[in-house]
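Chains as they are written, first to last, in the working numbering: chain A, 1 to 529; chain B, 530 to 841.
Worth flagging that the hints you see were computed from the coordinates, not collected in a lab.
Virtual Cβ for every residue (Gly too), placed ideally from N, Cα, C.
Facing chain A, a subset of chain B residues (Cβ under 7 Å, in silico): (1) Gly-561; (2) Arg-566; (3) Tyr-572; (4) Pro-574; (5) Leu-577; (6) Thr-578; (7) Ala-584; (8) Met-686; (9) Ile-691; (10) Pro-697; (11) Ala-699; (12) Gly-700; (13) Leu-786.
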Amino acid sequence: MMLVLRSRRGALHAALGGILGGALRLAGLLALAAVPAAAEEPPPPGRTLVVVGPWEVGGLDPASNGHAFTRLEVAETLVGVDASGAPAPGLATGWTVSPDGLAWRFPLRADVRFHDGSPLTAEVAAESLRRAWSNVGPLARAPIAAITAADGAVVVALHRPFALLPAFLANHTAIVLAPASYDAGGRVVRIVGTGPYRAAAVAPPLRIDLERFDGWWGGRPAIARARYLAVGQGETRALMAESGEADVVVSLLPVSLARLRRSPKLAVQTVTPPRTRLLKLNAGSPLFSDPRARRALGLALDRAGLARVLLRNPGLGADQLFPPAVAGWHVPDLPPLTRDLGEARRLLAEAGWRPGADGVLERDGRRFAATLRTYSAWPELPPLAAAIQAQAREVGIDLAVSVGNTSDIPARHRDGSLDLGLVSRSFALIPDPLGTLLQDFGAEGGDWGAMNWSNPESAALLDRLAVLADPAARAPLRRRVVEILQAELPVIPVTWSELAVVANRRVAGVRADPLERSYGLAAMHWATP
Amino acid sequence: MTRLLLGRLIQAVLVALVVGGLCFALVRVLPGDAAFRIAADRYGPDALTGQAAEAVRRELGLDRPWPELLLRWFGDLAQGRLGNSLVSGEPVSEELAGQLGPSLWLAACALALSLLIGLPLGLASGLRAGSGLDRLALVGAVALRALPPFVLGLVLMLVFSIRLEWLPPAGYGTWREMALPSLTLALGLAAVSSRVARDAVAEVGATAYYRFARLKGLPAGAVVLRHGLRNAGIPVVTYLGLQAVYLIEGVVVVESLFAYPGIGHALVHAVIARDVPMVQGAALVMGLMFVLLNLGVDLLCRLLDPRLGAAR
Chain A
1 MMLVLRSRRG ALHAALGGIL GGALRLAGLL ALAAVPAAAE EPPPPGRTLV VVGPWEVGGL
61 DPASNGHAFT RLEVAETLVG VDASGAPAPG LATGWTVSPD GLAWRFPLRA DVRFHDGSPL
121 TAEVAAESLR RAWSNVGPLA RAPIAAITAA DGAVVVALHR PFALLPAFLA NHTAIVLAPA
181 SYDAGGRVVR IVGTGPYRAA AVAPPLRIDL ERFDGWWGGR PAIARARYLA VGQGETRALM
241 AESGEADVVV SLLPVSLARL RRSPKLAVQT VTPPRTRLLK LNAGSPLFSD PRARRALGLA
301 LDRAGLARVL LRNPGLGADQ LFPPAVAGWH VPDLPPLTRD LGEARRLLAE AGWRPGADGV
361 LERDGRRFAA TLRTYSAWPE LPPLAAAIQA QAREVGIDLA VSVGNTSDIP ARHRDGSLDL
421 GLVSRSFALI PDPLGTLLQD FGAEGGDWGA MNWSNPESAA LLDRLAVLAD PAARAPLRRR
481 VVEILQAELP VIPVTWSELA VVANRRVAGV RADPLERSYG LAAMHWATP
Chain B
530 MTRLLLGRLI QAVLVALVVG GLCFALVRVL PGDAAFRIAA DRYGPDALTG QAAEAVRREL
590 GLDRPWPELL LRWFGDLAQG RLGNSLVSGE PVSEELAGQL GPSLWLAACA LALSLLIGLP
650 LGLASGLRAG SGLDRLALVG AVALRALPPF VLGLVLMLVF SIRLEWLPPA GYGTWREMAL
710 PSLTLALGLA AVSSRVARDA VAEVGATAYY RFARLKGLPA GAVVLRHGLR NAGIPVVTYL
770 GLQAVYLIEG VVVVESLFAY PGIGHALVHA VIARDVPMVQ GAALVMGLMF VLLNLGVDLL
830 CRLLDPRLGA AR
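When you get a sec, could you build the whole thing from the sequences and use the hints?
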């Protein structure tokens, strides 16, 4: 008995000792941590261009953070985009497809070097792309059978024809990195790219320091040093621009823009990116399975009013899925989505809904009540949801607004518990919107797109578009897809988006990129010597 | 002294156990699917898909039973490890070391500034209790304390960055970026510490020993230095320990507002992303800092009043 007790006490002692030892080591960590802050490296001599944006620097993995390195032009992709948003040569000089559409050849530029001086070879590029293919991201969704190198070209073999391959290779997860970027386990431990700037310091979560790379194949940029700062609060970003501490500020709140426009020191640019705020509906729920109910909710929305009050730009009311700036997918003569409360009430009555005592519609003893879920990652979404709630109530639809996390939408899509979600959907992740449409409106719907809705015709059209390379043949198919989405409303477009870029006038050559692929640092120069 | 140190050490161990367990339990009972949360933070809303979330679930083994996950964290902790962040995959200790430094600097600057502002003001108000200065200081303190740090920070930005163009509204790296966030915190701290100092000084000023010192003919300056400050110092120093709570809470808000990369910022993100090891690590470090600070306060009080040590 005594022995047992003693041994137990011994174990306790050992455990306690271990915990104490750990605590002491933690205390050591505390002491260590106090030192480096003071030793923050001083800013390098000479002028540094400061770019401020809302996106935090999460780490080095291209799957999660490749966008930071493409926007800052540290790393590049085989395929770029031209001014119209169409795939264009990047690190590859172009591409050719075999007659059966299954083998794609991307010959590489000959004179490209990585930031560590090593040359870009087809083997290196193929290896880098194979890593992206096996990681999370669009390449994993493409019908790729193999990525190999042959005669100075990257060769991609497909399971089935896929015309979107160049657009998929333009995605930021497909950046080409030097072998020195990876550790033995294949993790990215530093970003050694080919772009005009090299990452001198990556300090998650808020900063990246850049230095000009003199060996860039595209020439010598005018700005020698730049720094990216992530500033999450929109108000703070506006103040950074106003105070002159930032040279270029990306993504500003509509309320700040009017004030910034009045400043003589600043130049404000706005562009319309392919991003739409839309209501994602559960077409499998008894409330929204009837297309008339979906149309009625669409007819209840005053889109121009929402855009005027909340976005300060009435032109952003989305009367169809794509804004006019998205060439090929915006259909100018499509009958627009409008507000018509009388027609909305008529459609709902036709579908069997009758106003109850409190004005909320009822059918077979069931109220037309649903939860509208949204998230605050985009600051405009919660107020938009509240306004939609008020407008829906006018036709007798009772919505309860719930503001949560971004992930609630796809998680509830998966478990089927979503009634209605207000989301901000980008169609620019893959430069061709078709890449996102395939994901959202295919036969099985998508996490951010259709839910329990499918239309054999549009699904077949999307599949056909994915293999069709001839632009003239694609146009009527695209139009038909947009018509079906407009008529069936698996998602209800609410507003389009606006991206504002504010530049201090001491910097010239700033161009807002609607696809948010690049800040265009390499094209900027100091306006004042 | 040994007993004091041992007591605080046991307190530190308890803090570790309670904070670790509590964070774990709280994060687990929060609504929402952890794999989706982590994937949302890793890949961003635009690239978040169900496949990405399932890949995260497989990679991190999130579907394993919770006692296993909790025990593993305690086991790691006993060996001085805090595990890896679920979002970035980097060791939590490395991430915290990078973010703790800026936070400690911010907190230290704020505390020092608050003492520079609060103590002289409190001393002056206390020595002339009831005067116009005392009343003005009271109004100022109430107003500053009533303003949330978020609003105070914005006001300071508008004044010092936009109107005067002296200091940057955000960023970090040099003392210039440090100035506004630490002033935001310092004003809130000084609001209360000046009143505590004022009351302590006023109280000491009314005691018999203080009046006796004056009566026996000591000059006013010597009375304040020898009898006033030391006696009034004890409640002020004790209160500093309590102010750590305000500091920690303020750091969370101020860091987000000023885009300052500290532990408060890290904690907010970790909670949103359900990054359990990061939440546990950040809360643990904050808890241990609290214990350390209280130890410092105890030691300082004993230095000021040796009777405290002798009484035990």
